[in-house]
Each structure stands twice: as C-alpha cells, then as structure tokens.
Amino acid sequence: MDAWTLEGSRITDPDTLSRLREMLANKSPLIIEHRFYRETRAPHRFICDDADVLDEYLQESRPGDSFCVWSYKSLCRGDNLLLQGKMPDAQGRTPGGVA
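Each residue of the sequence shown is one higher than the last, beginning at 3 in my numbering.
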C-alpha cells in the first residue's frame, strides 16, 4: 500500500547518526522538523544541541515518521534576521540592554 522499501533513507543509519553527532559536537545546533507518518497533526519543530537528547527523541519516534534537519548556524544569522523584539513590562517599557 505505501511501498515500504529497504532502499529509502533512514535517520537511524549509523553514517547519518554519526554525521548528526559530529555536527552537534563541532559545528552547530540542529533545527529538526519531525513529520508524523499517517497522523493528522502538524509537524513538530525544535532546536536540538545535544546528541543524547536527539537519540532519545528518535527512539520515541514511530516507523514511517520523517525528519528534516538543518544547521542552525547556517540559517540563523544576523544578516538574515526577520525581526527582533523584546517583551515589554506592564507599562510598555523594554530594557535597553541585551537579554
């Protein structure tokens, strides 16, 4: 029915996991989009900066779920910032310094 195959890409392949761990250890946090197989819910998006947390998350996933992964540092830079804002206090004021 869904044409399951041994030829498809697998997030759990040792080479794939090694590449993700290397990226987390030496280069950048990861932006991960988890798309749920045959579920009527929106994808879950999160930033991961810990390989153990990623391993745990993947172990809780279900067969057929799909993952898209991006490098946080390559995408989230000051030169492509969409906007920035601070949460005001009850009087509408914001602090002048950085958070």
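Calculated from the structure, these hints are not laboratory results. Note that this is a predicted model, so its numbers are computed, not measured. Here a beta-carbon is modelled for each residue, glycine too, at the ideal position from N, C-alpha and C. Warning: the hint list may mix true and false statements.
Said to hold, decoys possible - For each label pair, taking beta carbons as the anchor points, the in silico distance ranges come out as:
1) Arg47 - Arg12: 17 to 23 Å
2) Lys88 - Thr42: 46 to 52 Å
3) Trp72 - Arg40: 40 to 46 Å
4) Ala27 - Asn82: 33 to 39 Å
As the list claims (entries may be wrong) - Lysine-lysine pairs mimicking BS3-like chemistry, simulated, CA-CA at most 30 Å apart:
5) Lys29 - Lys75
6) Lys29 - Lys88
7) Lys75 - Lys88
Distance restraint evaluation - Arg47, Arg12, Cβ atoms, bounds 17 to 23 Å: With a Cβ separation near 21 Å, Arg47 and Arg12 satisfy 17 to 23 Å, so the hint holds.
Ala27 versus Asn82 beta-carbon gap, inside 33 to 39 Å or not: violated (25 Å)
With 40 to 46 Å as the target window, see if Trp72 and Arg40 comply at their CB atoms. violated (24 Å)
Check the hint pairing Lys29 with Lys75 against an upper bound of 30 Å on the C-alpha distance. holds (8 Å)
Regarding the pair Lys29 and Lys88, is the alpha-carbon distance no greater than 30 Å? Judged against 30 Å, a Cα distance of about 28 Å means the pair holds.
Does the Cβ pair Lys88, Thr42 satisfy 46 to 52 Å? violated (36 Å)
Under the criterion that the straight-line Cα-Cα distance not exceed 30 Å, is the pair Lys75, Lys88 satisfied? holds (22 Å)
The structure does not agree with the numbered hints 2, 3 and 4 stated previously, though it agrees with the rest.
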